[in-house]
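Enquirer: If you want the building blocks of each chain, they are given just below.
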Amino acid sequence: MLKNLFMTAALAVSLSAGAAHAADTVKLADVAELSGAGAAAGAVWHDGVKMAVEEINADGGILGKQIDLVAYDSQTDPQNSRAMVQKAIDEGTYVLLGTVYSSSTVVNMLVAMQNGMPQITGSESPTITAKNNPYIFRTAFGAQKGLPKLAAYLKNVVGAENVAVVWANTEYGKGGHDAFASVAKELGINITVDIPTEQAQVDFAADVAKIKSSDADAVFVYLTEEESARFLIEADKQNLKLPTAGDTVLASQKVIDLAGKAANGALGHVGLTTEAPIPTIQKMAADFKKKYGYGADHNAIKGYIGVYMVKYVTEMIGEFDRQKFADTLHGLCLDAASHPGILMDACWDNTGEMSRASFLVKVVEGTQKITATLPAN
Amino acid sequence: MPEFIQIMISGLSAGSIYALAAVGFTLLWQASQTINFAQGEFVMLPAFFVLALMSFAGFPLWLAILAAIALSVLLLGAIFKRLIVEPMISHGTLPLVIATIALGLLLKEAVKEFYSPLGQPFPSLFPQEVFVVAGASISIPDIANFIIAMGTIIALQLFLQRTRTGRCMQATAQNPDVAQILGVDVKRMVLYTFLINGALAAIASVLITPVYLAKFSNGEVLGVVAFTAAIVGGFNQIRGALVGGLVIGVVDNLSAIYFSAEYRQAVPLILLIVIILVRPQGLLGTAEGRTV
Amino acid sequence: MTPKNIIFAIVAVGLLIIAPLGQGNYITYVLCSWLLFSIAAMGLNLTLGYAGQVSLAQASFMGIGAYITALMTLNGIHWILAMPCAVAATFFVGLVLGYPALRVQHHFLAFVTLAFNTLVFLAFRNEEWLTGGSFGLVGMPRPDFWVFSTMKQLPFYYFTLVCFLISAAAFWWIVHSPWGRAFKALRENPIRANSVGVDTRRMTLLAFAIGSAFGGLAGALMTPLVQFIEPGSFALVHSLKLLLMVVVGGAGFFFGPILGAAIVILMPEVLRFTEGYYLIIYALLVIVLMVYSPTGLMGLGGKVITRFRPQREVRKDMVQGAQL
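Protein chains in written order, with this note's numbering: chain A, 1 to 377; chain B, 1 to 292; chain C, 1 to 324.
It should be emphasised that the hints constitute simulated quantities derived from the structure, not laboratory data. Be a bit skeptical, because a hint or two may be false.
Derived BS3-like pairs: lysine-lysine, alpha-carbon spacing no greater than 27 Å straight-line [claimed, not checked]: (1) A:Lys283 <-> A:Lys50; (2) A:Lys131 <-> A:Lys261; (3) A:Lys149 <-> A:Lys362; (4) A:Lys369 <-> A:Lys289; (5) C:Lys4 <-> A:Lys131; (6) A:Lys289 <-> A:Lys261; (7) C:Lys241 <-> A:Lys324; (8) C:Lys152 <-> A:Lys27; (9) A:Lys131 <-> A:Lys155.
So, partial list: chain C residues that the calculated Cβ filter (under 7 Å) puts toward chain A [claimed, not checked]: (10) Tyr26; (11) Val104; (12) Gln105; (13) His106; (14) Phe135; (15) Phe228; (16) Gly302; (17) Thr306; (18) Phe308.
Negatives, chain B to chain A, calculated, CB over 10 Å [claimed, not checked]: (19) Gln6; (20) Leu63; (21) Pro176; (22) Lys187; (23) Tyr192; (24) Leu213; (25) Ala256.
Note that the structure is a prediction, hence the values are computed from the model and not measured. Every residue, glycine too, gets a C-beta built ideally from N, C-alpha and C.
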């Protein structure tokens with residue numbers, strides 16, 4: 001009670017002390033995996049966030065206020081991410097960006113929810129939007145939306161009936177595995193070999209050998225970047241001829257860079273790719289490459305879009321109000337033509353889940369080739 | 001059956017590289033009672049030396065590798081001994097264990113901050129050709145890795161047994177006080193051990209990284225494998241570490257297929273516990289008397 | 001206890017009581033986390049610093065405690081009943097893990113406990129029917145004590161503080177009892193300890209069991225604090241973190257692990273201005289500390305004091321702090 005009184009008083013003082021002083025910046029927190037096992041994803045996401053913030057600030061900020069971006073390192077530790085979200089809220093962030101790893105997001109989103117803090121996450125695990133949290137919003141749709149598209153492709157175009165599934169035995173991989181398993185059941189695809197692998201596993205010889213001696217006619221891979229590349233390299237070495245498909249990661253530029261020619265032929269369903277035949281994305285990717293010296297990936301695009309979501313929605317409501325922010329974003333559609341920072345037309349539903357067009361890609365001669373553009377679902 | 005042959009080959013190829021790391025681990029223990037918890041990072045790092053020399057200094061691959069081995073011998077051998085092990089050797093085992101844990105963290109974080117948090121592709125040293133023998137694919141890198149790793153260890157064994165310096169090093173490892181009395185330059189012999197460990201780590205790094213990719217966190221896996229191999233084989237024998245490396249490489253692969261993919265990590269560790277409790281000197285080791 | 005000690009204790013408790021006042025939720029959370037890790041580190045200090053048995057499995061005991069508490073409280077059993085179960089279970093598992101210590105020492109023991117930690121992690125992750133697998137368990141309630149609800153952060157801090165003070169008192173009593181001296185005798189010279197009538201077998205097992213039970217209590221507190229547990233929080237790297245806490249603070253000193261935990265938990269805060277480099281700086285500081293003062297920060301403080309005020313040599317098993 002006393003504390004509330006103080007805060008109200010402090011707020012009144014700061015408001016009356018001159019709008020010019022208090023009004024020139026708005027705080028935006030990015031809680032990301034800047035160290036630990038998830039640094040590869042989190043650091044790139046954060047670079048995407050930074051780039052968008054700099055663009056927006058150069059362009060006059062949000063409602064005339066410059067964005068004051070504050071980075072918080074979750075160390076890829078769910079407990080620490082929770083503490084960092086708490087800290088970001090204590091320090092008065094307007095909206096919260098992050099985290100990328102779903103194992104962290106499922107924990108820290110509880111804190112954001114308790115504090116009525118809108119949170120824009122990079123996680124793609126199905127569980128995130130299944131928890132009735134009215135403050136969580138995605139920057140990329142969950143695996144449960146992408147996998148039916150991929151499974152249908154495997155069955156109808158590739159003609160696969162028996163599929164081997166290789167997945168990372170983590171929160172991320174398990175989510176993808178379970179989503180794929182339920183879709184496969186619906187479509188009548190038989191999972192013949194089911195291989196969980198360790199986080200940061202380096203040796204995939206046994207896993208490939210097991211698939212090779214099975215009767216699978218296609219492989220579904222749900223691993224993170226380095227592990228996907230190691231799997232492809234080993235599969236190439238053991239001469240595994242089966243069509244290999246994955247969601248987002250498998251056919252990403254990072255995996256192609258790592259696996260070299262072993263990545264050729266890999267099929268993927270990707271929600272976001274810098275190869276997309278969309279001028280806004282290609283411009284963003286080129287700017288990113290120029291600025292940071294390495295190629296953007298889906299995580300960079302997610303971070304970039306996240307910041308622009310904050311800008312567009314806030315300018316739509318015309319004030320910095322968290323509750324209105326969340327209410328407005330539910331059921332909102334933003335088109336890229338009038339909101340270029342969103343890059344592609346996107347809609348959010350009442351759970352914070354998003355929908356957006358996506359692409360089927362195939363790796364040919366070391367580059368992603370888009371074979372089909374799939375409508376948003 | 002082809003599956004079994006396949007994983008035996010893959011296991012032996014990977015195991016021979018584990019053996020390199022394990023031998024280095026064993027040597028340090030013998031010479032100075034150093035339990036190097038940063039051994040995994042020692043294997044992770046030289047690959048980044050190669051990458052850095054190629055991209056920033058424009059070295060060709062072979063020169064970059066030679067320079068990386070030299071750098072490892074200097075940094076992971078001489079400097080490691082001079083700055084960390086030497087001042088702490090009188091403090092007992094545990095502070096040194098803590099210091100090497102911190103060193104591992106330091107190397108890992110430094111690579112991440114100053115090079116890249118992302119995995120990096122690493123050029124292959126050998127043509128990627130594959131032969132099919134009895135249904136199993138054998139690649140030239142597999143065979144080459146095995147031959148180079150084994151050759152290195154055999155050469156090291158010959159050096160220790162056949163040369164004067166090598167025998168002095170063995171004497172130092174067995175009993176530094178007596179060696180000192182007999183006129184062996186104990187300090188120099190201990191230094192040699194550290195230099196050799198630096199070189200072994202660099203060779204292992206260059207062999208393993210084309211498949212494992214260069215990433216700052218690779219040491220976490222490799223470190224555990226190295227000491228498991230060292231203990232299973234025998235902590236006080238080079239031959240032991242060699243066999244330990246091969247055993248772990250094969251057991252890891254076998255358990256992934258025939259036991260449980262979810263518990264594949266558990267099998268080498270259970271083997272480790274059983275060996276320690278039943279035969280602490282390792283499969284090939286000789287009893288050390290009461291362990292200290 | 002000398003009067004000086006009593007005054008010191010009163011001042012310290014007073015400081016702990018006022019520490020979270022006027023602070024945000026985050027600082028209060030960090031303080032809770034510090035108290036909790038102090039309890040776990042205290043346990044490890046008993047095993048390692050006092051009895052000289054190297055254990056790299058303390059995080060797995062926190063995990064066992066945390067999962068037992070989580071499963072029981074999720075099923076509607078009050079924390080006050082779940083906690084003793086967690087402590088008892090970790091005590092017995094610790095007893096079992098102590099058996100290898102009867103056969104092997106030092107580095108071998110370190111590897112056995114390290115392997116044990118990873119096995120426990122794998123069980124947490126793979127036995128999904130019980131532990132929720134890699135998704136973990138979520139939504140554990142915070143305990144309610146009739147009129148005192150710990151749902152809010154500040155009451156939870158005081159709840160943690162009470163548990164911490166009870167643990168610290170228990171720890172103080174153990175190390176100043178005949179057991180404490182037997183532990184130290186075991187550390188300094190097990191053969192002599194045996195010859196003067198210390199049952200080294202029993203004391204070794206007890207050192208493991210009691211140390212593990214402290215870990216179990218810390219885990220039982222972590223469950224309601226975080227309200228989410230997953231296997232990764234109890235992986236090997238967290239055992240190494242706890243080991244660093246104990247040794248950096250000063251193994252074998254009463255306040256060593258409390259100081260060490262403060263440093264490991266608060267260091268990222270203090271070094272925030274260095275951005276991504278704080279782990280590098282932290283690692284460097286640990287190495288430098290180990291080179292200059294293998295007995296940790298407490299030992300370093302002692303060294304400085306002795307330099308200005310030389311003291312008499314004391315009996316090895318009476319002195320605080322250990323060089324292991």
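Enquirer: With reference to the structure, classify each hint as holding or not holding.
Expert: So, going through the hints one by one against the coordinates:
1. Between lysine 283 of chain A and lysine 50 of chain A the alpha-carbon distance is near 16 Å, which keeps this suggested pair within the 27 Å criterion.
2. About 41 Å separates the Cα atoms of lysine 131 of chain A and lysine 261 of chain A, which puts this hinted pair outside 27 Å; it is violated.
3. For the given pair, lysine 149 of chain A sits about 15 Å from lysine 362 of chain A by alpha-carbon distance, which is consistent with the 27 Å threshold.
4. For the suggested pair lysine 369 of chain A and lysine 289 of chain A, the alpha carbons sit about 20 Å apart, so the restraint of at most 27 Å is met.
5. Between lysine 4 of chain C and lysine 131 of chain A, the direct Cα distance comes to roughly 54 Å. Violation of the 27 Å bound is thereby established for this hinted pair.
6. Using a Cα cut-off of 27 Å, the hinted pair lysine 289 of chain A and lysine 261 of chain A holds, with the two alpha carbons roughly 23 Å apart.
7. Proposed proximity of lysine 241 of chain C and lysine 324 of chain A is contradicted: the alpha carbons are some 43 Å apart, above 27 Å.
8. Restraint check for lysine 152 of chain C and lysine 27 of chain A: the C-alpha separation of about 26 Å stays at or below 27 Å, so the hint holds.
9. Note on lysine 131 of chain A and lysine 155 of chain A: the hinted pairing is violated, with a Cα-Cα distance of about 31 Å set against a maximum of 27 Å.
10. A least Cβ separation of about 4 Å between tyrosine 26 of chain C and chain A falls short of the 7 Å threshold, and the interface hint therefore holds.
11. This hint is violated: valine 104 of chain C has a C-beta 28 Å from the nearest C-beta of chain A, more than the 7 Å allowed.
12. A hinted interface residue such as glutamine 105 of chain C counts as satisfied when its beta carbon comes closer than 7 Å to some beta carbon of chain A; here the least separation is about 31 Å, so the hint is violated.
13. Among the interface hints, the one on histidine 106 of chain C is violated; its C-beta lies about 29 Å from the nearest C-beta in chain A, farther than the 7 Å criterion.
14. With 7 Å as the threshold, the beta carbon of phenylalanine 135 of chain C comes within range of chain A, its nearest partner Cβ sitting at about 6 Å, so the hint holds.
15. Annotation: interface hint on phenylalanine 228 of chain C holds; nearest CB of chain A at approximately 4 Å, less than 7 Å.
16. Residue-level restraint check for glycine 302 of chain C is violated (minimum Cβ-Cβ distance to chain A is 32 Å; threshold 7 Å).
17. Here the hint on threonine 306 of chain C is broken, as its CB sits about 38 Å from the closest CB of chain A, past 7 Å.
18. Against a cut-off of 7 Å between C-beta atoms, the interface hint on phenylalanine 308 of chain C is violated, since the closest Cβ of chain A lies about 40 Å away.
19. The beta carbon of glutamine 6 of chain B sits about 4 Å from the closest Cβ of chain A, which is not more than 10 Å, so the claim that it is off the interface is violated.
20. Chain A leaves leucine 63 of chain B outside its interface by the beta-carbon criterion, the shortest separation being 22 Å against a cut-off of 10 Å.
21. The beta carbon of proline 176 of chain B is kept farther than 10 Å from every beta carbon of chain A, the shortest such distance being approximately 37 Å.
22. In this structure lysine 187 of chain B is separated from chain A by more than 10 Å, as the shortest Cβ-Cβ distance comes to about 37 Å.
23. With 10 Å as the threshold on Cβ separation, the claim that tyrosine 192 of chain B sits away from chain A holds: the shortest Cβ distance comes to roughly 30 Å.
24. Non-interface call for leucine 213 of chain B relative to chain A: violated, since the shortest CB-CB distance, roughly 6 Å, does not exceed 10 Å.
25. The claim that alanine 256 of chain B is not at the interface with chain A is violated, since a C-beta of that chain comes within 10 Å of its own (minimum 4 Å).
Checked against the numbered hints given earlier, the structure breaks hints 2, 5, 7, 9, 11, 12, 13, 16, 17, 18, 19, 24, 25 and satisfies all the rest.
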